[in-house]
Structure formats: structure tokens, C-alpha cells
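Q: Here's the letter readout for the chains.
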Amino acid sequence: MSTVIPPATRGRRERGVTSARNASLAWLVLPALAFFVAFALVPLLAVVVLSFCRWNGISDISSISWVGLDSWHSVLTDPALPHAIGVTLLIMALSWAFQTPASILVGVFIAGRQRYRALLSVIYFIPLLLSSAAIAITYKALLDPNFGIGPGLHSDLLTQNWLGEDNLAVGVLVFVVSWQFVPFHSLIYQGAIRQIPASMYEAAEIDGAGRLRTFFSITLPQLKYTVITSSTLMVVGSLTFFDIIWVLTEGGPADATRSLALDMYIRGFRANLMGPASAIAVLLVLVGLGLALLLRRLGGTDATASQMEGV
Amino acid sequence: MDPRRTSRRTFLGLAAGVPLAGAGLAACGGTSGPSAGSSSSSGGSSGGGGGEASYWSLSGPPGEPIRRATVDRFTKANPSTPIKLTLFQNDAYKAKIKTAIGAGQAPTLIYGWGGGGLREYVKAGQVDDLTSWFDQNPAVKSRLFASSFGAATIDGKIYAMPCETVQPIVLYYNKKVFDKLKLSPPQSWGEIMALVPKFNAAGIAPFSLGGQSRWTNMMWLEFLFDRIGGSDVFKAVVEGQKDAWSQPAAIEGLTKMQELIKANGFIRGFSSITADSNADQALLYTGRAAMMLHGSWSYGIQKSQGGKFVADGGLGYMNFPPVDGGKGDPSDTVGNPAQYLALSSKASPGAKETAKKFFTTGILDADEVTGWIGTGGVPIVNGADTQLAAAGADAPFLQFVYGVASKAKVFAQSWDQAMSPTAAETLLSNISKLFQLSISPQQFATNMNAIITQ
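Protein chains in written order, with the working numbering: chain G, 1 to 311; chain L, 1001 to 1454.
Calculated from the structure, these hints are not laboratory results. Each hint can be trusted.
Listed below are the simulated EDC-like cross-link pairs for lysine to aspartate or glutamate, each with C-alpha atoms no more than 16 Å apart in a straight line:
no.	chain 1	residue 1	chain 2	residue 2
1	L	K1157	L	D1135
2	L	K1433	G	E165
3	L	K1123	G	D60
4	L	K1262	G	E165
5	L	K1084	L	E1064
6	L	K1433	G	D166
7	L	K1094	L	D1276
8	L	K1433	L	E1259
9	L	K1141	L	D1129
Per label pair, the in silico range of CB-to-CB distance:
no.	chain 1	residue 1	chain 2	residue 2	range
10	G	A38	L	S1304	45 to 53 Å
11	G	V122	L	M1318	54 to 62 Å
12	G	L130	L	S1304	28 to 36 Å
13	L	K1262	G	L142	25 to 33 Å
14	G	A141	L	T1370	30 to 38 Å
15	L	T1255	G	N167	24 to 32 Å
16	L	K1262	G	I126	38 to 46 Å
17	G	S63	L	G1392	47 to 55 Å
The beta carbon of each residue, even a glycine, is placed where N, CA and C say it ideally should be.
Could you build the full structure based on these sequences and the hints that come with them?
A: Okay, here's the thing in C-alpha cells:
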């Protein structure tokens, strides 16, 4: 948020600046725009085109043949699709519901200026530095039903078929994903909380508000836009979870964790059906875009407006 | 309205979509992007006016050191026509090679298992027809097991050079565990089912299984189908006979499979164990599981990773036992008749020449043959059996594998390799559901029949 607000106000203040400056600013956008077009828009369009074609991913590009809506028909009538959508939404909902409160609490904690909290927050930040694949491989070894941490410690509680039972496997995925990303969201919240003016808390204290009351009446409302930003990242990000799920379960047991992203990969690169895989990719983009826009709507009409009224 | 602000909002909206567009790319990137292999391949396939050929194959024991040594020897003997070897983990390789071929970045030598996967490359025109080359070089062909050419032959033409070892699927057992409980290895399916409660009562899993890899589960069905109804049962599937999966023998095999699973015949958590990590084999040599159905290559893995387990004679092995009342020939086996090297049609002429020279002088040279025998593998070279007998401690296993492979009335190719990749994926995903007990044998048959009629 803090990065958005200052330029917005400056923009308003300097409206009279010459158009020459605007032109030079436009040039500065070019490199980023070129990358965006080359690596986001062009592939996106190619995938849309591919979803109307037949290609096995092996033969030459010249052999790709136009088949119209065949791929879309086969994907949309496949009973596996509702299941994959269900799994995707379930993982999305659970990881949001778990990560958001956890991140806010951790964020509040590490926003404190005490030295030991700074130390803890550094340690806590470590998961974010690890690659997803490495995290997944580590958890897979830890959760192995025969050689993992449970059998190692002779603990019956920890000796579960963690990745071999449908519900447990989904739970484990949500936990591992959260373990990786809660530090990131905590950091966002920490920054936002430190931006809340101390004068608000001082005023609340004078009015006799306790800690809980300040949290719910000042901290949370002030975090509204941060919650929306963080939720957008979580929701849109969870649509594309692939590496962690792939390494931990490959979509299994059976198809219990076969989300849309995995379904896309399996169809494309295991079953050699690039058309249907592209159709699912297009679906993913549409759903993601829709969710991102919806979340922005929820944030009110003008998300860039200042939250600092009355200060 | 402030135009600058509006455009920023639009841009933010677009930016929210960026990770998504990236998603499709990222998924591909996982297989084709970052690793060193893709860059090295270009030397062989497109860039090379010279004679350098590229060769992708599998990493890990027991094959990795032998593949490296064979290529090193060839490159040392032919410094002007080197071969560049890049190795990948099994499952990663299967995904990566497809992407590379589709992107026109295939290595000169494409390692594979023949059958349906090779047929796909042939249909796409990505591999060279080697029939006339084999006709001109009859010595290369006659040197190898005749049976190894079956899976390399598509519509009467040979598209790949057989290499490495013959790999039937073997029923392994831990002799120490059997001795401790005073039990003897099963001679029939009935005895298998009778052993299950005894091992479970002793706190030992009857069978180890790396079920997440799925083809591990498939090997069970391959044997059950064959032992119950003979080799014609699966042949009907391959030939596209209507409702072939609903044959009584098929349904009986699927039902027996689920009976074994329901009786806790497999290790706890088998559906989350991968074969690539060799954890399934570790369960056998550590004595946590009594038996395991696995490829003959597992002998080499257990020998190199299981400490003294194999050396001390702890490992027992046998062909899959008959099913009581079944029609199948108990000498039948399934597995990989050989491994295969296809020649990329996109490779430069120089690289192709190098590859063919490698076929003639490099592949399965005397040192490589000795190397494979040393790991407990039976190379597909005629007359190697005399060498097998002299292989010291490994001789009994080698002669056993040689016997199984040469005496089998039918040596069927693994199902997922015999079928097209698209059909194989449907098969494997239904097999994992069958093993998870989330579909019945009848539902399995219905799902699989549906792709036959397509």
C-alpha cells in the first residue's frame, strides 16, 4: 500500500507538469511492457489458439491441426473436471482460511519493536527463502509412513498415512503451503501495521480501550486494504500451486489432490493431449482474472484512496 | 477523472493476471526450462555441423556408471565424433523427452522402452527408420536377442536400436523374514493370500509397493491377468477388441487385486511411496516387508543400497506364481524386453553418423556387457549366458533372469509401454483409483472400455 499512495498524491499535485515529462515516463514503461507482451500476452494467446487445435506435443508445429471446439467439448464434459475444480477451490479456501488469521497474528507480533521479536521474525522468515521443490521433498521425507518422523520417534500420533488418505493429503498440502507462505504475508501485515499512526493507539488508550479492543477496532479496520492485497495474492496464487502438490502427491492418492494445474500438466505432458490441456489453462486464466477482479470490487470503489482520513 | 490513475488501475488489473499467464509457462518450465540438459542438446540436434551426437538417458544406480563409462570409452576412441551424455531421473525423463522432441530440441539418441511411446514418435515423424541400416549391418542385429526387436518394430519397420538389459518382473522376497517366521515362499495365489495374515500378525507388511508411481501397481495386474486368463486377455485390449476389459478373466483379476489390498496385503501408506526414491526396495531389504514385485533391475539397487543384504543371501526371487485354476502359462512373464535408442530425425547428418557408429562399436561392447553383468543385469547379447555363469555371487540371479526371459512362452511388454501415451495415462490413473479402492472392478472396466471404442 505504502508504495501506491505517495505517487498517487504526487500525481495530483503535479498535474500541471509538462507533457514532455509524461512522454519520457512512457518510454520508461517500454522494457517492462516488452517483457510482459513477450512472456505473458503472446504465450497466453498461443494457449488460447492451441485450445482449439489438436497437438500431441511431439510432432512438428506445422502438424498442429485446427479442430474447433473438440478439446473444449472433451474437457467440459469430462467428469474429472468438476472434481479438479472442487479440489482447487477446496485448497484455495482452506489455505486462505488458515493463512489469513495466522499471518495477521504473526504480523502483529513481529510489528512490535522489541529486539527478541526482530530476532524471531528473521528465523521465521527462513521458509520463504527455500525453494518450493526443496520444501516439498523435505516434507515428503518427514511424512513418509515407514521412514518418516513418526516411525523415527515411535510416535503413533505422527505415524499417519499423511499423503495416502484423501482428506489427510489435502490437509497436509494446505499445511505445507501455509508453512511456506505465511512468513511472506506476515511481512506484508507487519509493514501495514507499522504504518498505522501511533496517535490512534494513544487516543484509544486515553479512551480506556484494552489490547483486544484496539486490535479489533483499530488494527483490523486499518488493515482492510492489506487484507485484500494479501488475499488476492493467496487466492490467485493457490490456483497455480503446482510444484508442491506434484512433488508431494502427484495428484494422488488416486485423484484426491488433482487440482486444475495438475490436471492441465497431466493431460498435456503425460497423456500428450495439448489441446485439452490448453483449454484448462485458459479456464485457469479466466477464473484467476475473475477472482482478482472480484476481490478488488470487495475492496470498495477506490482502492488507491488514502486510509488516513481523520489523522 | 485523472487519466493517469485510471491507467494505473487498469495496469494493476492486468498485473493481477500476470501470475496466471505465468502459470501455464511455469508448468512447462518445470520440465523444459531450467536444467542444463536443454542447452546441451542443441549441440547435437540442431547446432552440430560436426559429428557430436547428444544422448539422454536415466540417472541412478545401477545403470548410471555403466552408461557413463560406455560413452566415455566411445568418445575416447573417437575424439572427432564425441557423444554428449545427459542423465535424468526416470519419471522426470519421461516428461522432459516429450517436451524436448515437441520443441525440436531432441537429443540425437532418444532413450526409451519401445512400444506405444515409440509409435507416437514414429507417427510424428520424429525418429528415423533404421530397417535398411540393420539390413546393411546384419552383424549388429544378429548379435542381439531376436525377442528384443519386437518392441522396436512398428508396422514392420525397425525404428530403434535395442540396448542394455532384458528386464522381466520378478517376485522378490526377504529370506531372513521367511526363515524367522518359518514360512515358505508362495507357490500359488492361494498361498499368497494365506501368507498375508501371518505376516500382518507378525507386524511385517506382506508386500512392499511404491504405489504413487502407479506402474508399480500395474505390474500386479499384468501378472494376474496373464495367470488367470493367459496372454490373450491383454492382447485383446491392445488389438482394440470391444469391451476387452470386461472379459471374465480381467474382472476376476481386478477383483483378486482388490481382495489382496483389502486384506492389507501391502505396506501401510503404499499410495504415497514412490519407486523413484527406492523406498519400496528399502522396505524389503530392511525386513519391514516380506515380498515385493519389481523389475529385475531392482536386484542391482538392493545390492548397491542394501548393505550386506544381497551378499549375505538375504534376497530370494522367483517368477510370479500361478493362480489356482488359471489358464495362463506359469512360464509367462512381463517387463521390458530391452531398452531402446531411437535416432532423432532432426539430428544433423554428422550426428546421425556418430550415433550409428555408436550403435556398431559402442553399445554393448565387451566392457559394457561385463558392466551390466556386474550389476546383476542380463545384457541382451546372444551368448552372454556363458559369461553369466562366471559372474561369481551374482551368477544364480543372472541365470535365473536369463532362464525366465529365454524360457518364457510369452514375454509381454509392460502395458503402459505397449499402449499409446494417452491410453496409458487413462490406464494408470484408473489403476491408482482401483488400488485406492475408490472404484470397483466393474467401474474400472467401464472406464477403460470407453477408451477402446474411441
